[in-house]
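Same order as they appear, the protein sequences are chains A, B and C. Under this note's numbering, the letters of the first sequence match residues 1 to 132, in that order. Under this note's numbering, the letters of the second sequence match residues 1001 to 1346, in that order. Under this note's numbering, the letters of the third sequence match residues 2001 to 2219, in that order.
Keep in mind that a hint or two might mislead.
[Claimed, not checked] Facing chain B, from chain C, some residues (calculated, C-beta under 7 Å):
#	residue
1	Q2101
2	W2104
3	L2105
[Said to hold, decoys possible] Straight-line alpha carbon distances no greater than 25 Å define the calculated PhoX-like cross-link-like pairs of lysine-lysine that follow:
#	chain 1	residue 1	chain 2	residue 2
4	A	K114	B	K1048
5	B	K1186	B	K1221
6	B	K1248	C	K2199
7	A	K114	B	K1152
8	B	K1127	B	K1050
9	B	K1152	B	K1221
10	C	K2215	B	K1245
11	B	K1279	A	K84
12	B	K1152	B	K1245
13	B	K1279	B	K1245
14	A	K114	A	K126
15	B	K1113	B	K1221
16	B	K1113	B	K1050
[Claimed, not checked] To be clear about the criterion: a stretch of chain A counts as covered by chain B if any three or more of its residues have a C-beta under 8 Å from a C-beta of chain B, and this derived list gives those stretches:
#	segment
17	12 to 24
18	63 to 76
To be clear, the hints were calculated from the coordinates, so they are not data collected in a lab. This structure is a prediction, so every number in the text was calculated from the model and none was measured. Ideal Cβ placement from N, Cα and C applies to all residues, glycine included.
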Amino acid sequence: MTDFSFLTDDKLVEALLMEVAGLLRGLIDRDEGGSIDLRGLPLSPSCIETLDRCLGQGEISVVLDAAGRSEIRETSLPGVWWTKHADGAGRVIALLIEVAVTPAILRADLADMKRGLDRMPALLAKTAGRTS
Amino acid sequence: MESAETLGEVLGRRGFGRRSLLKFAIAMTSSLALPPALAPVMAANLAKAKRRSVIWLSFQECTGCLETLLRSSSPSIEALIFDFVSLDYQESLMAAAGADAERTLREAVAANKGEYLLAIDGSIPVKDGGVYSMTGGRSNLGMLSEIAADAKAVLAIGTCAAYGGIPKAYPNPTGAAGVEDLISGKPIVNIPGCPPVPEVLSGVLVHFISFGHLPELDDRKRPLAYFGTTIHDQCYRRPFYDQGKFAKSFDDEGARQGWCLFELGCKGPVTHNACASLKWNGGTSFPIESGHGCIGCSEPDFWDAGSFYTSLAGGSSAGWRNTGIALGVGVAGGLAAALSGRRKST
Amino acid sequence: MTLLDFARGPGLQGAWLVMVGGTAWRIAGILLLRQRLHLAAPRIGFAGRVRGGLATVFTRFVPRRTFWPRIAVSVGLSSTFHLGLAVIVLGGAPHIQVIHQFFWLTWPSLPKGLVVIVSGLTLASMIALLFRRIYHPVLRLLSTTDDYLSWLLVFLPVLTGILLSGETIASYRTLLTLHILSVELMMVWLPFGKLLHVKLAFYSRAAMGMNFARKGAAT
Ligand code: SF4
Chain A
1 MTDFSFLTDD
11 KLVEALLMEV
21 AGLLRGLIDR
31 DEGGSIDLRG
41 LPLSPSCIET
51 LDRCLGQGEI
61 SVVLDAAGRS
71 EIRETSLPGV
81 WWTKHADGAG
91 RVIALLIEVA
101 VTPAILRADL
111 ADMKRGLDRM
121 PALLAKTAGR
131 TS
Chain B
1001 MESAETLGEV
1011 LGRRGFGRRS
1021 LLKFAIAMTS
1031 SLALPPALAP
1041 VMAANLAKAK
1051 RRSVIWLSFQ
1061 ECTGCLETLL
1071 RSSSPSIEAL
1081 IFDFVSLDYQ
1091 ESLMAAAGAD
1101 AERTLREAVA
1111 ANKGEYLLAI
1121 DGSIPVKDGG
1131 VYSMTGGRSN
1141 LGMLSEIAAD
1151 AKAVLAIGTC
1161 AAYGGIPKAY
1171 PNPTGAAGVE
1181 DLISGKPIVN
1191 IPGCPPVPEV
1201 LSGVLVHFIS
1211 FGHLPELDDR
1221 KRPLAYFGTT
1231 IHDQCYRRPF
1241 YDQGKFAKSF
1251 DDEGARQGWC
1261 LFELGCKGPV
1271 THNACASLKW
1281 NGGTSFPIES
1291 GHGCIGCSEP
1301 DFWDAGSFYT
1311 SLAGGSSAGW
1321 RNTGIALGVG
1331 VAGGLAAALS
1341 GRRKST
Chain C
2001 MTLLDFARGP
2011 GLQGAWLVMV
2021 GGTAWRIAGI
2031 LLLRQRLHLA
2041 APRIGFAGRV
2051 RGGLATVFTR
2061 FVPRRTFWPR
2071 IAVSVGLSST
2081 FHLGLAVIVL
2091 GGAPHIQVIH
2101 QFFWLTWPSL
2111 PKGLVVIVSG
2121 LTLASMIALL
2131 FRRIYHPVLR
2141 LLSTTDDYLS
2151 WLLVFLPVLT
2161 GILLSGETIA
2171 SYRTLLTLHI
2181 LSVELMMVWL
2191 PFGKLLHVKL
2201 AFYSRAAMGM
2211 NFARKGAAT
């Protein structure tokens, strides 16, 4: 178990961890998680670092390339994700703690899937051309 | 003009999947200080929305506002905003000129009646019938009232459009005024700044397109999410202010140590804007990071608030001459009073 | 022009001119009053009288021992509040800045925290003195509108100053505006009421001291 005692003087980190706990309980009991927008809070870089450090690293890390790079890591608490979105220039545009079974952005979208399906005939034709 | 395609389709055609849109919505809800839970809603609404017609009129201005907004476009994800609106009239950017331009304006208004957003930069001169700024023989005031009448909402971009700005500075020879002083009965949002922070305009536009109304405004009609705090509230030099460590000149030890610029005239404590958090030039820095105090450019009448280099604690002096006159008048008055007193007592 | 711009510009200039002109008027008037003729020859020479006058300015800061038991509390409170005002005005960084801006004089400031504590003490002693004025039967009888107005116009700058330093109940702009305006009100009223004792206290003590010295009484 992670020892949080060294943080007791850092009230902000403590409050955020309490909120994560609340969201996680909501996810378990009522199947509704939520997110915390870390950039919308008056947190110093060192405070964010401390928070990151104490949430730790879990089993999954995903890199997304959608209009810029995004990194989504599961923390040592399953269901709690550390999400960082950057734009095309590498500038961070959002930093969140997400509490969810899977972060919504990872799920394939219906419209996108349909567009993919529409591309299948062309793809098949190309493959057929190569094998024959 | 009005296109049948939804934004989701437009973006899909251009190779942006819904993930990009969701990511954009996450960034925007964060920027607008909305709860993160609204991001999927915003993304879904944007995907369904149509491009929104924007008519942009420039009045007494320097084009600095437009320059800033255009320069902000490059690789940032916020550039997506340019896919969400259709800039149907903007004199500096469009190819049409003269009678063609006037026709474009008429057509844009007719095609989007009641639905377009009207963006204004520059103040409006009202003195002498508004003769000091005319386009195609029409005064700014006339154009504003006519085109605002059919607008869904009016965006006053920059300090001039919001409060009159530099054209309104003393002695205000043209009788310049801001939009909100001249237009009533329309939703108006002020995005002051000389120039304004581009991300604020993106935020307001996205909010309007996805939710159909303006974001929450403060008592000066500014979007609260960006103007709710002062520069001073978010300033990284704030600890020095609290400790009483002030730079006394621009090249002293304190200035080199990055101490607070209050005594060098910083207006950060009374200036509401988002410079300290959003910063400028793609998040590079903001003026205080370059060692210059905030000049308060997003506040009404900032040009008339005395020297940029006089601290907020100080003010303008009455001058030695006037002080001398006051002294003289006082002594003379005392003399007269004393003499009349003596006469009475004898 | 915003209210703050007014306060830092024309408001400040006007208040300064009224204060300077009004003070000149009052003091010139007093100095030119007909002097009562002294019929007796002075006991000591002119130099001695000047010394006596100057000495009285300072000796009167400390009351005679016989009076102590009766006035210790009020003297303590008023000294706290007067010294407090001096510390605030001469020690607070923004105040030194104003003085520097107008007169080119400057000196090191006191830490903000200390000035705030002193302001709190000043405020508390002023409130205590007001209660004393209201509940003390004789003092109440002697008090005029001038006393209460002068008290209020000194109290407001101290109060708004404390609020400004904490930047809590309202925005910095609002508090700064109120603070500057309250100081300006005080400046405008200063020559015309009892607040002029900032100057007259010294004149009257000196005049009394000279008179006493002339008569050979203790100064
Ligand atoms: S530099 Fe300006 S905004 Fe920053 S702390 Fe000092 S006074 Fe406030």
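Do the hints match the structure? See the list:
1. With its C-beta approaching chain B no nearer than about 4 Å, C:Q2101 sits inside the 7 Å limit, and its interface hint holds.
2. Look at C:W2104: its Cβ only gets to about 11 Å from chain B, farther than 7 Å, so that hint breaks.
3. Residue-level restraint check for C:L2105 is violated (minimum Cβ-Cβ distance to chain B is 14 Å; threshold 7 Å).
4. Note on A:K114 and B:K1048: the hinted pairing holds, with a Cα-Cα distance of about 16 Å set against a maximum of 25 Å.
5. A C-alpha spacing of about 12 Å is found between B:K1186 and B:K1221, which places the hinted pair at or below 25 Å, so the restraint holds.
6. Under the criterion of a C-alpha separation no larger than 25 Å, the hint pairing B:K1248 with C:K2199 is inconsistent with the structure, at around 33 Å.
7. Taken as a hint, the A:K114 and B:K1152 pair is broken in the structure, with Cα atoms around 35 Å apart against an allowance of 25 Å.
8. Between B:K1127 and B:K1050 the CA atoms are separated by roughly 40 Å; this puts the pair beyond 25 Å, and the hint is violated.
9. Taken as a hint, the B:K1152 and B:K1221 pair is honoured in the structure, with Cα atoms around 16 Å apart against an allowance of 25 Å.
10. Our distance criterion of 25 Å between C-alpha atoms is broken by C:K2215 and B:K1245, whose separation comes to about 55 Å.
11. A C-alpha spacing of about 19 Å is found between B:K1279 and A:K84, which places the hinted pair at or below 25 Å, so the restraint holds.
12. In summary, the hint linking B:K1152 to B:K1245 is not supported, as the alpha carbons are separated by about 49 Å, beyond the 25 Å threshold.
13. A hinted pair counts as satisfied when its Cα atoms are at most 25 Å apart, and B:K1279 with B:K1245 qualifies at roughly 24 Å.
14. This hinted pair checks out: A:K114 and A:K126 have alpha carbons roughly 19 Å apart, not beyond 25 Å.
15. For the hint pairing B:K1113 with B:K1221, the CA-to-CA distance comes to about 24 Å; that is within 25 Å, so the pair holds.
16. A distance of roughly 15 Å separates the Cα atoms of B:K1113 and B:K1050; the hinted pair therefore holds under the 25 Å criterion.
17. Interface restraint, the segment 12 to 24 of chain A with chain B: violated (0 residues with C-beta to C-beta distance below 8 Å; minimum three).
18. Check result for the segment 63 to 76 of chain A against chain B: holds, 5 residues qualifying (beta carbon to beta carbon below 8 Å, three or more required).
Violation of the numbered hints given earlier is confined to hints 2, 3, 6, 7, 8, 10, 12, 17; the remaining hints are satisfied by the structure.
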